[in-house]
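Peer 1: Spelled out, the chains give:
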Amino acid sequence: MAIETDLELMLRVRDGDSASFEILLRRYRLPMVSYFRRMVRDPGLAEDLAQEVFLRVYKSRERYQPEARFTTWLYRIATNLALNAIRDRKDEVSDAASDNAEGGPIVERFVDPRPTVEQRLMQGDRKRLIRQAVEALPENQRAAVILHKYQEVDYRQIAGILSVSESAVKSLLFRAYETLRVRLEPLLREGQL
Amino acid sequence: MKCLETEALISYAYHLIDEPAAAQVRAHLGECPRCREIVEQHGRLGALLDEWKAAEPTPGFDARVRQAVEAQQARRKAWGFWGWDWARGLALASLGVLLVAGAVWFTRNHRSASNSSGGRSVSYLSGVAMQRPQQASSPQAPAQAGVKTAQGMPELKSAGVSFNEDKDTQALEDYDLAANFDLLSELPKGEPRVAN
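Protein chains in written order, with my numbering: chain A, 1 to 193; chain B, 194 to 389.
Misleading hints may appear alongside valid ones.
As the list claims (entries may be wrong) - Here are the simulated DSS-like cross-link-like pairs (lysine-lysine), alpha carbons at most 25 angstroms apart as the crow flies: (1) B:270 - A:59; (2) B:246 - A:127; (3) B:246 - A:90; (4) A:170 - B:195; (5) A:127 - A:90.
As the list claims (entries may be wrong) - Restraint-style ranges between C-beta atoms, simulated for each label pair: (6) B:304 - A:88: 49 to 57 angstroms; (7) A:87 - B:286: 38 to 46 angstroms; (8) B:227 - A:90: 36 to 44 angstroms; (9) B:302 - A:68: 43 to 51 angstroms; (10) A:88 - B:219: 40 to 48 angstroms; (11) B:198 - A:17: 49 to 57 angstroms; (12) A:43 - B:291: 46 to 54 angstroms; (13) A:17 - B:296: 45 to 53 angstroms; (14) B:212 - A:43: 38 to 46 angstroms; (15) A:43 - B:286: 46 to 54 angstroms; (16) A:64 - B:227: 48 to 56 angstroms; (17) B:208 - A:127: 18 to 26 angstroms; (18) A:30 - B:265: 20 to 28 angstroms.
None of these hints come from the bench; they were simulated from the model. What you are looking at is a predicted structure, and each value in this text was computed from that prediction instead of being measured. Cβ coordinates follow ideal geometry from the N, Cα and C atoms, glycine included.
Given the sequences, and given the hints that come with them, work out the whole structure.
Peer 2: Structure, rendered in structure tokens:
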């Protein structure tokens, strides 16, 4: 049996085929949830946002026009939702970070990362350090890196998702990866040992 | 040896450049340990970032999505049965009211505009016609526009300018009418301008 493309499925959803929507849901449930889990800190919020993406896909099925790739459209909806949620909860997240017993706000902790990182290394908390380093990136850089690195979306497609030029995406990625390299340098050195 | 730009090295490390450009970077890396170290660091960074695994959706996720979709379908059906018909009726009624109001407004304005513009042109022209004899009998009214026109004529004639009084006066009157149309429209309505 041939695997139906996202486009074919979405066109059937547009015509009222709920079974095709089920297939799309199964196909993209993990990418969507993992995308939001990396974009927003709160796991509950991440699932709510992923659910909202599928609901919006369903709601707008009749207006769907196959002008771009289905995943571009899907991630554009997801990215808009994620960035809005980040902006809405910015103060809240900042407060939560400052209340965190392990240290001050994330950004401040990366002003001079080495002692803090080494301290974290002692605790063996590499995953948290990576997450915090990514979360400390500016919103667009964070979205670009997560899409590129974790969702394995091509930079040309990221340009469509973020509604910016390809060169702008490259620029976002350069800055983001270089910032991450500097911030996570102690972990990188550790990996060499 | 001159090192490559960091952007070129990062582009290479994350496959952001096409193959010919990548081949050039590869050739350079064979000879430049410093650039090679930067690319290797980014390779290690990529591996390090892979350690951040995202969790699976919770077991009830799919069910919640289905539930949300079904709720949306139900809302839409309910809206279609009651709300949509009601909304459509309201929209049509509003449209009808707007059309009637627009027609009344247009009719009133159009009528008053045609009345006032017709009346004014007559009154203005008549006013000018009426002013000429007055100017002759009462030259002490220099503020009136018609007086200036009437006074200008002898000067033009004395300067040797040929002046067809009927034709040119009509042209001047038409010109003044057009130029002062807005001012004329501000005159109080309903006052008889023609002295019968």
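Peer 1: Against this structure, judge whether each hint is valid.
Peer 2: Against the structure, the hints come out as follows:
no.	hint	in the structure
1	B:270 - A:59	holds (13 angstroms)
2	B:246 - A:127	holds (8 angstroms)
3	B:246 - A:90	holds (24 angstroms)
4	A:170 - B:195	holds (23 angstroms)
5	A:127 - A:90	holds (22 angstroms)
6	B:304 - A:88: 49 to 57 angstroms	holds (56 angstroms)
7	A:87 - B:286: 38 to 46 angstroms	holds (41 angstroms)
8	B:227 - A:90: 36 to 44 angstroms	holds (39 angstroms)
9	B:302 - A:68: 43 to 51 angstroms	holds (49 angstroms)
10	A:88 - B:219: 40 to 48 angstroms	holds (45 angstroms)
11	B:198 - A:17: 49 to 57 angstroms	holds (51 angstroms)
12	A:43 - B:291: 46 to 54 angstroms	holds (51 angstroms)
13	A:17 - B:296: 45 to 53 angstroms	holds (48 angstroms)
14	B:212 - A:43: 38 to 46 angstroms	holds (40 angstroms)
15	A:43 - B:286: 46 to 54 angstroms	holds (49 angstroms)
16	A:64 - B:227: 48 to 56 angstroms	holds (50 angstroms)
17	B:208 - A:127: 18 to 26 angstroms	holds (25 angstroms)
18	A:30 - B:265: 20 to 28 angstroms	holds (23 angstroms)
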